[in-house]
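In order, the protein sequences belong to chains A and B.
Residues 1 to 297 in UniProt numbering are what the first sequence spells out, letter by letter.
Residues 1 to 225 in UniProt numbering are what the second sequence spells out, letter by letter.
Please keep in mind that the hints were generated in silico from the structure rather than gathered at the bench.
From the three backbone atoms N, C-alpha and C, an ideal C-beta is built for every residue, glycine too.
Keep in mind that a hint or two might mislead.
[Said to hold, decoys possible] Computed spacing ranges between beta-carbons, pair by pair:
no., chain 1, residue 1, chain 2, residue 2, range
1, A, Leu188, B, Pro170, 34 to 44 Å
2, A, Ser3, B, Asp120, 39 to 49 Å
3, B, Lys112, A, Thr168, 22 to 32 Å
4, B, Met1, A, Thr168, 32 to 42 Å
5, A, Tyr169, B, Glu115, 12 to 22 Å
6, B, Gln119, A, Gly265, 24 to 34 Å
7, B, Glu5, A, Ser3, 21 to 31 Å
8, A, Ala187, B, Asn167, 39 to 49 Å
9, A, Leu28, B, Ile136, 36 to 46 Å
Residues per chain are reported as follows:
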Amino acid sequence: MNSIFTTIRRAPYQSLATFLSLVLTLFLSLSIFFLLSFLYGLLGYVESRPQVTVYFQTQTSESDILKIKDNLISSGKILSAKYISKDDAFKIYKDLNKDNPLLLEMITPDILPASLEIFATKPSFLPQIADFLNKQPGVDEVNFQKLIIDKLLALTSILRKVSLGFFTYLLISTIFILITITHFKIALKKDEIELLQLLGASRGYVRKPYLKEALLFGFASATIVYAVFISLFFLTRQFTESYLTGINNLQIEIASLKITVWPLGLEFALILYAITLLFGIIISLFSTSIALRKYIQ
Amino acid sequence: MITFENVTKIFPLGNTALNEISFEIEENEFVFLVGPSGAGKTSILKLIMRNLIPSSGSVMVDTFDLSTKKFKETEKLRRSIGVVFQDFKILPEKNIFENIAIGMEIIGASKKLIEEKVQDVLHLVGLKEKAFVFPIQLSAGELQRVAIARAVCGDRHIILADEPTGNLDPKTTWDIIKIFKKLEGKKTFVIATHNTDIVNSLKKRVLILKDGRLIKDVRKGGYEI
Chain A
1 MNSIFTTIRR APYQSLATFL SLVLTLFLSL SIFFLLSFLY GLLGYVESRP QVTVYFQTQT
61 SESDILKIKD NLISSGKILS AKYISKDDAF KIYKDLNKDN PLLLEMITPD ILPASLEIFA
121 TKPSFLPQIA DFLNKQPGVD EVNFQKLIID KLLALTSILR KVSLGFFTYL LISTIFILIT
181 ITHFKIALKK DEIELLQLLG ASRGYVRKPY LKEALLFGFA SATIVYAVFI SLFFLTRQFT
241 ESYLTGINNL QIEIASLKIT VWPLGLEFAL ILYAITLLFG IIISLFSTSI ALRKYIQ
Chain B
1 MITFENVTKI FPLGNTALNE ISFEIEENEF VFLVGPSGAG KTSILKLIMR NLIPSSGSVM
61 VDTFDLSTKK FKETEKLRRS IGVVFQDFKI LPEKNIFENI AIGMEIIGAS KKLIEEKVQD
121 VLHLVGLKEK AFVFPIQLSA GELQRVAIAR AVCGDRHIIL ADEPTGNLDP KTTWDIIKIF
181 KKLEGKKTFV IATHNTDIVN SLKKRVLILK DGRLIKDVRK GGYEI
């Protein structure tokens, strides 16, 4: 370990350039990964809200509404449908306005409409379901969130493509920078390498210090980036919380495991660190290995 | 034992460094390679450590046949050879102890053994007091003594020296030769030199080269330019 620090101290500018390139790449990659995870979590959240809500005229009977619900279920296009009676709606209304007695006094269960909250099996069924409901007698209004989901899907898809392009560019440029820096280091130690080879050093022995240094840089830069990222996350937490009022939980699914993205828990925090660390070490070792293969014969 | 049999070395641009050279060097023999610049002295040393491959003929070092194109034991071969260069090749950022220890570190020797052997060779070359100083603090003669210490440290039983006294004044030159003499009979020495004084006074075997040919092999001789 001491020899690595000595090497770093003896070539401070090359070491700093390696470190800064890695830090920039890892910070941007981590931010992209976090943002995409967050967006996917948000998409999942929106998809988990009632996708179609149909409000009935106040005079529509419960049996007519339940008949419509049965028809929908038998169509096979919906996952579930929840009936909200006038009384249930009044309870929800009371709950939402418990701090405002004036609003509570003005409303009775009779004037609130009964409704159905419907979840489709596929987002593509939403227009057909809405169409069907609009044609039913006693229906007052049909709301469905296709537009929001479509916009979020489009945004996520664009962001994923842009991120992928940006990430690839970042990765390639970092690898080239690290290869060039390692080449400089090898050139600086040309005499030592030549001597070691003449004395019978194996390839592994000659390459080991460079690989150890790469491992250290990968580890150090990933840890520092992670620490900075988490600090920034907690510093901006209040702002994010105010922005996400009413959303208690955002989840993503990785390999059939549900992971909570918001609020940030230990599980996701560890995943973020593991990914950053792995990525940092892989880039650093990969670039160094290429440089060693090319410049140490 | 080192055996050259009809060895020819022609470089890619067509210049012939060695032409049909044959000789044998016994174990623990002390041999000088002499001749004018371009005679082929350095090429012979490079062939022995497989830094060059012969164009034709055969080079054997101990049991290694270095003429084989796909020779895969270069590392093993080089671990039995110590090399002393005219320009010393001492690493400036390592202290004297570390510079000598390199040769043993690469073979994976234990710290205890390295410590023991390095101290032995430091004593041999008279630099025991300077183990932890850096090369910049040493004179040219002392640096060459460090290079010799590095070459002989451990189990390296063939010592190749390419103009080891080329950069040194007469007094320092003799100090270096004294170190070689201390090891005479314990290791095989192949020393390439221009220094007629040393060759003539030591009366060792001399291989005289000219234009890539071995023109004389004198068992106990000297030579004149």
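Quick rundown of the hints versus the structure:
1. A:Leu188 / B:Pro170: 34 to 44 Å: holds, 36 Å
2. A:Ser3 / B:Asp120: 39 to 49 Å: violated, 24 Å
3. B:Lys112 / A:Thr168: 22 to 32 Å: violated, 51 Å
4. B:Met1 / A:Thr168: 32 to 42 Å: violated, 59 Å
5. A:Tyr169 / B:Glu115: 12 to 22 Å: violated, 52 Å
6. B:Gln119 / A:Gly265: 24 to 34 Å: With a Cβ separation near 59 Å, glutamine 119 of chain B and glycine 265 of chain A fall outside 24 to 34 Å, so the hint is violated.
7. B:Glu5 / A:Ser3: 21 to 31 Å: violated, 44 Å
8. A:Ala187 / B:Asn167: 39 to 49 Å: Violated - the Cβ-Cβ distance for alanine 187 of chain A and asparagine 167 of chain B, about 25 Å, lies outside 39 to 49 Å.
9. A:Leu28 / B:Ile136: 36 to 46 Å: The hint (36 to 46 Å, Cβ to Cβ) holds, given that leucine 28 of chain A and isoleucine 136 of chain B are roughly 44 Å apart.
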